[in-house]
Structure formats: structure tokens, C-alpha cells
Amino acid sequence: MSGTKKLGLRQRYEHMTRGLDWETTYQPMDKVFPYDQFEGIKIKDWSAWEDPFRLTMDAYWKFQAEKERKLYAVLDSFAQNNGQTGISDARYANVLKLFLTGVSPLEYAAHRGFAFTGRHLRGSGTRVACQMQSIDELRHVQTQIHTISHFNKYFDGLSEFPHMHDRVWYLSVPKSFFDDARTAGPFEFMIAVGFSFEYVLTNLLFVPFMSGAAYNGDMSTVTFGFSAQSDESRHMTLGIEVIKFLLEQHPDNLPIVQKWVDKWFWRGHRLLGIVAMMMDYMLPKKVMSWKEAWDIYFTEAGGALFQDLARYGLKMPKGAEIATAEAEHISHQNWCTFYQYTHAAPFHTWMPDNEHLDWLSEKYPNTFDKYYRPRWEQWAKMDKEGKRFYNGALVQLCQTCQIPMVYTEPGDPNTICFRETQHGGQRYHFCSDGCKDIFDNEPEKYIQAWMPVQQIFQGNCGGPTVPDVLNWYNLKFGVDNMDYAGSPDEALWNEWHADKVKAAS
Amino acid sequence: MSVVALDNQDYAAKTGPRDTRASYHGNIMVYVHWEEHLFFCAPLAFPLPPAMPFGALVSEVIAPHYAPHPDAAHIDWSAAEWMINNVKVKPDFNASLEANNIDHKSVVRFWTPGLHGETGH
Numbered sequence: 001m002s003g004t005k006k007l008g009l010r011q012r013y014e015h016m017t018r019g020l021d022w023e024t025t026y027q028p029m030d031k032v033f034p035y036d037q038f039e040g041i042k043i044k045d046w047s048a049w050e051d052p053f054r055l056t057m058d059a060y061w062k063f064q065a066e067k068e069r070k071l072y073a074v075l076d077s078f079a080q081n082n083g084q085t086g087i088s089d090a091r092y093a094n095v096l097k098l099f100l101t102g103v104s105p106l107e108y109a110a111h112r113g114f115a116f117t118g119r120h121l122r123g124s125g126t127r128v129a130c131q132m133q134s135i136d137e138l139r140h141v142q143t144q145i146h147t148i149s150h151f152n153k154y155f156d157g158l159s160e161f162p163h164m165h166d167r168v169w170y171l172s173v174p175k176s177f178f179d180d181a182r183t184a185g186p187f188e189f190m191i192a193v194g195f196s197f198e199y200v201l202t203n204l205l206f207v208p209f210m211s212g213a214a215y216n217g218d219m220s221t222v223t224f225g226f227s228a229q230s231d232e233s234r235h236m237t238l239g240i241e242v243i244k245f246l247l248e249q250h251p252d253n254l255p256i257v258q259k260w261v262d263k264w265f266w267r268g269h270r271l272l273g274i275v276a277m278m279m280d281y282m283l284p285k286k287v288m289s290w291k292e293a294w295d296i297y298f299t300e301a302g303g304a305l306f307q308d309l310a311r312y313g314l315k316m317p318k319g320a321e322i323a324t325a326e327a328e329h330i331s332h333q334n335w336c337t338f339y340q341y342t343h344a345a346p347f348h349t350w351m352p353d354n355e356h357l358d359w360l361s362e363k364y365p366n367t368f369d370k371y372y373r374p375r376w377e378q379w380a381k382m383d384k385e386g387k388r389f390y391n392g393a394l395v396q397l398c399q400t401c402q403i404p405m406v407y408t409e410p411g412d413p414n415t416i417c418f419r420e421t422q423h424g425g426q427r428y429h430f431c432s433d434g435c436k437d438i439f440d441n442e443p444e445k446y447i448q449a450w451m452p453v454q455q456i457f458q459g460n461c462g463g464p465t466v467p468d469v470l471n472w473y474n475l476k477f478g479v480d481n482m483d484y485a486g487s488p489d490e491a492l493w494n495e496w497h498a499d500k501v502k503a504a505s
Numbered sequence: 506m507s508v509v510a511l512d513n514q515d516y517a518a519k520t521g522p523r524d525t526r527a528s529y530h531g532n533i534m535v536y537v538h539w540e541e542h543l544f545f546c547a548p549l550a551f552p553l554p555p556a557m558p559f560g561a562l563v564s565e566v567i568a569p570h571y572a573p574h575p576d577a578a579h580i581d582w583s584a585a586e587w588m589i590n591n592v593k594v595k596p597d598f599n600a601s602l603e604a605n606n607i608d609h610k611s612v613v614r615f616w617t618p619g620l621h622g623e624t625g626h
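Residue numbers (this note's numbering), protein chains in the order written: chain A, 1 to 505; chain B, 506 to 626.
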């Protein structure tokens, strides 16, 4: 009989995570971990970190490899069966364009952010959790690219996604969100991405895209979603653990954490405007309205969460009420923007038809008929007369979220919300109190923003004309952009369906 | 308030804005917004020479860009109400933008009495 005894699950976990930690002697700990002090967060006992999953690296590899084998089997069968011809309508492909250019690069940014954070927090439990999330995010961006690459064989607007993420005007919105988080300290990054984004708001990003895929016959993206789901639940647990840990460690942490929660809730809310527009306008078969999703996932679920966190003194994010009121408006305001700038975006737009307008009237009884339906009807009338409306000028942007200044005063949906701050003798403009507050708290950070409109006017984006700029985006005019009607995507779709009809007759 | 950074002392010295007037090749960036007409989703942005007369801003920049709206043909510019940098003013159409207090990143908002767009009252 051998004298060795097998370790219990918890012992094994401790051994393979906490056992990685040691006090440095060649260099002082503060020099080895230079980033975890300056934000003012006080940690008394790093070992109090609880990781409820107790996943070790060896188990992680085994589990993920198994999941990915299944995912790639589904992707292969989707490709072999020409799954792209079975989606609800080719308009759906534009949802994937939005996702691949706007969301997938954020997975990569999250990977880098968690790798950095994992390196720079001195508690080993936290480091291991961040390391795993970092690898998850890298896997997610890879599997998303692989999943959507099949659609790239048939549909336009997908092939230049990393290039576009760095250059196209509206993609500076998601890009700047993560640039902001990743240039903050490691604790702010954890609250920004781990808590506010992954915990409070993730269901409003992931669920709409994945159920949208399911409703519209895109089984490959749905399978990616299922595959990522177990990671997402781990990320959510990390998010809630980090906020409890920070609040339990020291009472001085509360005001700092509250400020971050206020800030990142607002930034997340602004970013999710593209999801709102996707749900209400872009899905050929609709899942639910943005307003309904907001009510379920933020008002109810988020409300319960903050009730639970009240025992630490944490309050609802500052902009929560305004954001909830805006759930009646943002999808319409955003799609109106893309409709009139269809020439400048690498996906197709379309006018909602009458059935779609009726659906919107029904889902938004307080606002749609009063504020937005008349606008669509006006544009439809002009389109019929051969005067389809394109906005010929560039727009003013918010200095913080970088979204065009399309949002309206709280309580007054006919008036644009203008906010302004003077800093260092310059004017800075904002779309809301939420964005102005973020700037005013750290103006030195946000004055550096790379604002697409400003950069175009300065001559830094390929030239002074719209074709120059689109060329610099690698956007093919008349192919990647403009209305769905008349696009090569539409022609291809019609060809597939003509073939189907022929085969059936 | 000030930025929270590892290098708090030197942060401001090492960084700066990317849209100062000096980087616009002699122009200033001016924002224009026609109130009650969210047919145009957001205020428009233009790089303009500061010596341009206000009247030219109206006739050569504002009028053509807002022309697609059916209300545009009915605008009486002499009756329009103006707000420059949050102050209600009566601009001098013959004077330059600068003389009308329009500088880099100024906001020029205007209302057109009687014309309220699709959703106005």
C-alpha cells in the first residue's frame, strides 16, 4: 500500500491556486505589483477572496476542449448543409456584421484587460480567476470569428472587421469603452468589465444576440452562445465576487466603488444602444422589444441585485432612472441615425415596413406614434418620391461616449440634450449629465479622445471627402453600405430563393 | 476633480487634447442645430473659416444642408431665433463668425417660428 493520499477537491484547488503565491524577496512586493495601490482601494486580506467555481487550470483545459469540439462539429455541419440559406432573411446577416465589427473585438480587448489585471493584482485567487477569464475572452473572439467566417463567404461587410473597429466612426463607441476600462487601474477595470458589464448588463448584450440568432435560423451563432454560456456564468460570479470583496475589505472603498458603478453603468447603457436598435429594427423575426428586455434584465434583475448589495451601502447607479426612461427612445434614435448615414456604415439599413411600424407602435405605446412614426412616414414618403434622405454633413459627437449627439433631454423627446464643460480653455460637449459627470471627474483622461469627426476634419482619415474616408475604412461603396434594397446581399438572397422555388417545382 | 493615475504629477503634462483649434488648418469647428427638427438626427459639424460672415454661414452652409426637410423651403431667416454658446442672441449677418462670438467648438442653435417638423406643436 502506498502512503500517498488523494487530496480533497478544496485542498486540491487551494494547492493549485493559492499555492502559486509567494512573498517576493529580491524586490519589494510594491515594486512587483505597482498598479494595485494608486486607485485608493484598500485590501486588508487577499486570502478572503472566495472563488466559488474552484476551477483549476488542468480542469479548465479539459472542459473547454470538450466544449469546443462540440461547437466545431456544429459549425462544420452548418457549413455542409448550407445553413446560410436557411436563415429567416438576408437582412439578418447585418446583425452579424454589427456583432463582428462592434462586439467581437471587445472580447479581444477584454482578454487583454483581464490578462493585465490578472498580472497586477497581488492576491493569487483573484489572479487565477482573471487569468481564466482572460483565456475565455480570447477563446470567445476566436470562436466568434470562426462562426461568422462562414457568413463572410456570402455576405458583404464582414471581411474588414478588425480594420474597421479601429477606424469607422460609430465603432469608436465600443472601442473607446474598452480603451477607457483598460487604461484605468486594475480595480476599476474589474468593476467596469467584471461587475458593471458582465454582471449587471451582460444579459442585455448576450441574450438578445443569441436568442435573435435562434429566432432567425442561425444555429451556428446559437451554438457559439451555448458554448460561451458556462464561461459567462463564471464571469458573472467573478463580477459579483469582486464587488463584495472590495466592499467587505474596507469601508473607504465604498465611495470609490460607487463612483465606478455609476460611471460604468452609464457607459454600458450608452454602448448597449446598438443592441437596442438591433432588437427593435434589425431582426427579421423579433424576440422582444428593447424596452421589454430592459424591464426584465435591468429593472427587475438589476433592481434585485442592488437591493442585495444595499447591505454594503451600495446604491443603484446614478443614471438608472434616466436610462430606464430612455429605454422608450434609444432604439428609434439610433436606427434613425444609421438610416440617414447608411452611406457611411458597413452594413445595410432599411425602412421599417408597415407591419414593422405597427409592431413598434404596439411595443412603444407611449412614444412611438408620438415621436418616431411620423419621422419614418416622412422619410417613406420622400423615398417614394425618389428623394431618399441622406444626411450630407458630419455630426457633433459626445466627448465621453463618442456617440453622435442624438439623445434628447430627459422628459423632452423633441429637444437634443446639450451639456458642456470648459477645460484648459477648450469647450467639450456631452450628450447627457452621465457623460458630462464622467468627463468632469477625470477631464485629463477624456480630452485625449480620438473623436472620429474631429479627426476627419483635421485630415487624418484618408482625405476630405466621404469617398476618401470610406476608402480609408476599407468600406466598398455600393457593396458594404447603403440600403439592403438593391444591395449585392439582396441579389444573392433572391437568387438562392429562386433556386429553391425552381427545385421545388 | 482630477484624473486617478499611477503618475498623477506628470499626467497632464504628458497628455493633451486632440482637437485644438491649431490642428484645423486655420478653420474652427462649428456645431449647428435646427431645433424641433430631429429629422436630422443630431447637430451638424462644420470646419469653417472664422472670418466667414454669419450671413454666409446661413446661406452657404446651413440652408443647403437642411434643405431636404419639407419645412426648409418655408424658413424666414429674418424671423429665426438664434442661440450661440447657450445665449439667445440676434446675430449680425454681415459680421464674421468670430465677431458673432462663434469660436472653436461653439454651438449655434436656431428655432424657426411656425415650423415645428413632423412631431412639433
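FYI, nobody ran anything at the bench for these hints, they're computed from the structure. C-beta atoms are modelled at their ideal positions from N, C-alpha and C, and glycine is treated no differently. One should not assume that every hint holds.
Cross-link-like lysine-lysine pairs, in silico, PhoX-like; alpha carbons within 25 Å at most [to be verified]:
1) 175(A) x 593(B)
2) 593(B) x 445(A)
3) 387(A) x 370(A)
4) 593(B) x 31(A)
5) 593(B) x 436(A)
6) 363(A) x 285(A)
7) 436(A) x 175(A)
8) 519(B) x 436(A)
9) 42(A) x 31(A)
10) 44(A) x 315(A)
11) 44(A) x 259(A)
12) 381(A) x 363(A)
13) 387(A) x 259(A)
14) 153(A) x 445(A)
15) 5(A) x 42(A)
Pair by pair, the computed Cβ-Cβ distance ranges are [unchecked claim]:
16) 572(B) x 307(A): 27 to 37 Å
17) 515(B) x 420(A): 45 to 55 Å
18) 441(A) x 619(B): 34 to 44 Å
19) 58(A) x 520(B): 24 to 34 Å
20) 89(A) x 520(B): 45 to 55 Å
21) 582(B) x 464(A): 25 to 35 Å
Next item on the list: Compare the structure with the hints numbered earlier in the document and write down the numbers of the violated ones, lowest to highest.
Entry: 1, 2, 4, 13, 14, 15, 16, 17, 19
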